[in-house]
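Please take these sequences and the hints and turn them into a complete structure.
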Amino acid sequence: MKKILFIEDESALQKTFRVFIEQEGYKMVSALDGESGFNLAKLEKPDLILLDLILPRLNGFEVLEKLKEDYETKEIPVIILTNLENPDDINKALELGAKTYLVKSNYTLSELVEKVKKALEEER
Amino acid sequence: MKNKIIEQLNLKTQCKKYGLPLWQCPHFIFVVMGVVIMVTSLLAYFIGFRYVEDPLLICLVVMLITGFLFILSFVVVKSFENLAEASRMKLEFLAIISHQMRTPFSNLRWVIDLLNSGRVGEVQNDQQEYLKILKENSERMESLISQLLTASKFEQGKIPLKMAGFSLKTLTEKVITELKPLSNASNIEVKFECKEEIPDIFGDQDWIREVISNLLDNAIKYTKNKGEVKITIFKKGQKIYFEVKDTGAGIPKEDQKYIFEKFFRAQNILKKQTQGSGLGLFIAKSIIESHKGKIGFKSEAGEGSTFWFLLPIK
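Top line first, the protein sequences correspond to chains A and B.
My numbering numbers the first residue of the first sequence as 1 and each following residue consecutively.
My numbering numbers the first residue of the second sequence as 1001 and each following residue consecutively.
In short, the hints are calculated from the structure, not lab data.
Check before you lean on any hint, since a few could be wrong.
What the hints assert, rightly or not - Partial pick of chain A residues on the chain B-facing surface, computed with a CB cut under 8 Å: (1) GLU10; (2) LEU13; (3) TYR71; (4) ASN83; (5) PRO87; (6) TYR101; (7) SER105; (8) THR108; (9) SER110.
Beta carbons are placed, not taken as given, at the ideal position from N, Cα and C, and that holds for glycine.
Laid out in structure tokens, this is it:
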């Protein structure tokens, strides 16, 4: 079973996303802040990471940087999922090695799940 | 420290920070005042030198005038600076608020999506209807927030344009197709006329699409069940002319000068329809002007309106 790590400080978003993604047959683990998100990534070795940018303790950029520096986690694809949509932020995230950059309010939940599924299939 | 001084001296970035045109920017006005003071002092000195005997007296008078002008300009610039600061804070406030509103909003939307999907229990008929209301209203709010964000970004000059050549004709056809459900629902036929082959224009396709979509959407909405909407495109010199003509409510004379202003909504429209943010035309104008184009309209109450824009070819 494929495993997804969702790092997001809004627990309501995690809750709703979990229902969708688990019914699609994936396992989801989650973290509410950047630091535990990074630790969880090392521990669980998920197949994909969904990462918010505005996070307590370590922000999304810092987490992404750490993930890409660590040999254990650098191969895991990271999808940025945020409400920031400045071109500067997008470029920065992509330069740091994010696979895709998605703006939350542009997608419905099911569209988002489709994106995640597609990303996982590409990885295979 | 050195960098800070250089930054202070760079008029363009300072003015951009306030989101103001050069002539309303305190830093620029300060420089202009300085030049004016220097010129007047020199003039006063040379004139005095010609007509007055006592050089000391001349120096005294010139110094007094200069001092007075200096204080005056200082006061003027200071008050300008306060105004500019207020306007900058307003812009920032708008940007922050609309951004902060998006987070609880994503929560709301996802929960509505989840309930609608039936994955947490079947939705009954009546409930479905109420959920639909929730969904529609959250979408309305969503579009309002994103319009607010766009408007504030344009005001701050923070929108980067992805410039490329594209066909305005093809783009218009796409927008007409996109809005087909709306025009069909309102029983309005959208006609499109573009007789000649027109050259590509140079601009950001996504933003121009926003303008066309906005103008057409307005035309359809405010015509409603009577008459037609017609789009015409042709080449006019080195520019492309685009117009949307409707036979709808029109804009009363007294409202016409405010029509492109933020949050403005015409009186006759408000009586019939209260929805809408009053930001669409402001954004359209900002987009066209950032492409070095022109936008305008002619209209008479009850007779319909014609909105047009001109964009340079290359």
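Okay, the hints, checked on the actual structure:
1. GLU10: At about 6 Å, which falls below the 8 Å cut-off, the nearest Cβ of chain B leaves the hint on GLU10 of chain A intact, so it holds.
2. LEU13: The hint holds - LEU13 of chain A has a Cβ within 8 Å of chain B, the shortest such distance being about 6 Å.
3. TYR71: violated, 34 Å
4. ASN83: This hint holds: ASN83 of chain A lies near chain B, its Cβ roughly 4 Å from the closest one there, short of 8 Å.
5. PRO87: holds, 6 Å
6. TYR101: violated, 15 Å
7. SER105: holds, 6 Å
8. THR108: holds, 5 Å
9. SER110: Constraint on SER110 of chain A satisfied, holds at 7 Å.
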